[in-house]
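Undergrad: Position 126 of the sequence shown, counted from 1, bears residue number 126 in the working numbering, the numbering being contiguous throughout.
It cannot be assumed that every hint is accurate.
Said to hold, decoys possible - The list that follows gives simulated cross-link-like pairs (lysine to aspartate or glutamate, DMTMM-like), each with its CA atoms no further than 25 Å apart:
1. K63 - D293
2. K189 - D215
3. K66 - E234
4. K189 - E199
5. K189 - D331
6. K189 - D140
7. K189 - E214
8. K66 - D233
9. K195 - E298
10. K66 - E298
11. K66 - D174
12. K66 - D293
13. K189 - D174
14. K63 - D311
15. K195 - D181
16. K66 - E308
17. K195 - D140
18. K66 - D43
19. K63 - E298
20. K195 - E185
21. K195 - D180
22. K63 - D44
23. K189 - E163
24. K195 - D215
25. K63 - D3
26. K66 - D331
27. K189 - E234
28. K195 - E207
Unchecked claim - Simulated DEER-style distance windows between Cβ atoms:
29. E199 - H264: 26 to 36 Å
30. R121 - P324: 31 to 41 Å
31. A341 - D130: 27 to 37 Å
32. H223 - P99: 12 to 22 Å
33. P324 - H264: 13 to 23 Å
34. G263 - D130: 38 to 48 Å
35. P265 - D228: 50 to 60 Å
36. A81 - G348: 45 to 55 Å
37. P99 - L71: 34 to 44 Å
38. P309 - G28: 32 to 42 Å
39. Q118 - L71: 35 to 45 Å
40. D164 - P99: 50 to 60 Å
The set of hints was computed from the structure by calculation and includes no laboratory data. This one's a predicted model, so the numbers in the text were calculated from it and none came from an experiment. The beta carbon of each residue, even a glycine, is placed where N, CA and C say it ideally should be.
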Amino acid sequence: MADIVESREVSALLRELTTAAGREDPYGHYMRLREIGAVVRADDGTLIVTRFAECAAVARDHKLGKMPVELLAHAGLADWAEHPALYGYFTSLLGINPPDHTRLRRLVSSSFTARRVQALRPATERMVDDLIDAMGDSCDFVPAFAFPLPCNVISELLGIPPEDRAQFQHLVSDWSAVLDDITPEVLSKANPAAKAVREYLAALATERRRRPREDLMSALVGHEEAGDRLTEDELLTMAGLLFAAGFETTTNLLSNGLVALLGHPEQLPDMIGDPASAVQELLRYDSPVQNIDRTALEPTTIAGVHFEPGDRIVAYTGSANRDPRRFTDPDRLDLRRPDNASLSFGGGMHYCLGAPMARLEAELAFPRLFERMPGLHLRDGARRRESLTIRGFDVLPVGS
Numbered sequence: 001m002a003d004i005v006e007s008r009e010v011s012a013l014l015r016e017l018t019t020a021a022g023r024e025d026p027y028g029h030y031m032r033l034r035e036i037g038a039v040v041r042a043d044d045g046t047l048i049v050t051r052f053a054e055c056a057a058v059a060r061d062h063k064l065g066k067m068p069v070e071l072l073a074h075a076g077l078a079d080w081a082e083h084p085a086l087y088g089y090f091t092s093l094l095g096i097n098p099p100d101h102t103r104l105r106r107l108v109s110s111s112f113t114a115r116r117v118q119a120l121r122p123a124t125e126r127m128v129d130d131l132i133d134a135m136g137d138s139c140d141f142v143p144a145f146a147f148p149l150p151c152n153v154i155s156e157l158l159g160i161p162p163e164d165r166a167q168f169q170h171l172v173s174d175w176s177a178v179l180d181d182i183t184p185e186v187l188s189k190a191n192p193a194a195k196a197v198r199e200y201l202a203a204l205a206t207e208r209r210r211r212p213r214e215d216l217m218s219a220l221v222g223h224e225e226a227g228d229r230l231t232e233d234e235l236l237t238m239a240g241l242l243f244a245a246g247f248e249t250t251t252n253l254l255s256n257g258l259v260a261l262l263g264h265p266e267q268l269p270d271m272i273g274d275p276a277s278a279v280q281e282l283l284r285y286d287s288p289v290q291n292i293d294r295t296a297l298e299p300t301t302i303a304g305v306h307f308e309p310g311d312r313i314v315a316y317t318g319s320a321n322r323d324p325r326r327f328t329d330p331d332r333l334d335l336r337r338p339d340n341a342s343l344s345f346g347g348g349m350h351y352c353l354g355a356p357m358a359r360l361e362a363e364l365a366f367p368r369l370f371e372r373m374p375g376l377h378l379r380d381g382a383r384r385r386e387s388l389t390i391r392g393f394d395v396l397p398v399g400s
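With these hints in hand, go ahead and build the complete structure from the sequences.
TA: Here's what the structure looks like:
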């Protein structure tokens, strides 16, 4: 069996990743962790993998899953079900394991199809143009474009009327903060936000039962497969998930991607010429989601290391996407890279359900931004999020 590396250097590197400097540019720390070993151990006992092959194995191993709710008490979250913000997370596809996960994903996937996502293209194109029209000569790109675009697209998908959409931007922001950190201060805003979103979606579901339309909420309300259908609780949790987590990847893909593109202006023609391949490379180069966590549900072996039930594993997918064992010259952005499939959307049974929607939005947004705003540039004052898991910007001033 392979050795698990524990050392002062490992501990120091992992601590540095939690600092502002480490979050600003984690890739040098990732490189050193990859060199030290395939599996390293953090001070709290968590097992860390940073190489592509091992991260892919963690993402796809069905013996690894989300922390069972029975163990949440040991993580200091015994009262999770009493918090609407946490209940919406831990009972959703993001937080459950088979067989519940298998059943819910099957039911939702039957309605949330590639055809339905592609049908959003005309509306998304209009939203992109409307947001560009409102940006002016200078603005903060995050609240002006990167945040409202996915929020509005998700609203369009679910069938939320345009006049009701503005409220969701601050509600979603407050609720999704629990994905970064769970503190009393965060929960004081996240809980009422989650409750308000759920109450709105409950009313929308009731309306769609009476008068169905061509939207995802109508499909979820009416869908039945092999005699099975979503319960009311499952329906509202699933619809809420699209808001609480669905926008995170796209918002940060747009902000990270813009910074990468503006830092490599010579590659802009490649973005406009082949947006699909370019977005894949942007996802690899600076992933919006930098790590995924799993708990061993059964004994399993990865990279020659044996994992026992209850072992916690964190796969640094942001590091895997820069692994030279998998990608040639990985620290270089290359929008023409022929093989750029990354782990930015995870893998296996927990592969991001909304990945096609995130790609569609970015593939439409970036070419249009640079076609309509050829003088687009970064201004001083950018501030990154205080998170290593979700990599993006809180503030990103731009000018045209």
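Undergrad: Could you tell me which of the hints above the structure violates, numbers in ascending order?
TA: 2, 5, 7, 9, 17, 26, 29, 34, 36, 37 and 40
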